[in-house]
Amino acid sequence: MSAITFAAAKKLTLDRLRQVRDEMPVAERRRPRYVINFKTYSVLDLIAQVERETTIGKEYVFDQAKQMNYVVT
1030 MSAITFAAAK
1040 KLTLDRLRQV
1050 RDEMPVAERR
1060 RPRYVINFKT
1070 YSVLDLIAQV
1080 ERETTIGKEY
1090 VFDQAKQMNY
1100 VVT
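Residue numbers (the numbering used here): 1030 to 1102.
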């Protein structure tokens, strides 16, 4: 596993979320698609959570970094 800073992991995560958002029809962007801690989030909600660095946003960044085989330092 490679090491990555939180800022770099956040940028990668936001890039991936924005790519998913851009591939969706506009009407689908507000539909809940992700379940985190028993709460549903749309792609737009997740982008906002990550940008604001809320607890949910930080957890999502760490999870995505782990899926990409990175360790956040």
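Careful, some of the hints might be misleading.
[Said to hold, decoys possible] With a Cα cut of at most 30 Å, we get these calculated DSBU-like pairs of lysine-lysine: (1) 1068 x 1040; (2) 1087 x 1068; (3) 1087 x 1040; (4) 1095 x 1068; (5) 1095 x 1040.
[Claimed, not checked] Just the calculated beta-carbon pair ranges, DEER-fashion: (6) 1032 x 1054: 36 to 42 Å; (7) 1096 x 1036: 27 to 33 Å; (8) 1031 x 1080: 22 to 28 Å; (9) 1102 x 1057: 15 to 21 Å; (10) 1034 x 1061: 29 to 35 Å.
Quick caveat, the hints were computed from the structure, so don't treat them as lab data. Glycine included, every Cβ here is placed at the ideal spot set by N, Cα and C.
Worksheet item: Quick check: which numbered hints come out false for this structure?
Response: 7, 9
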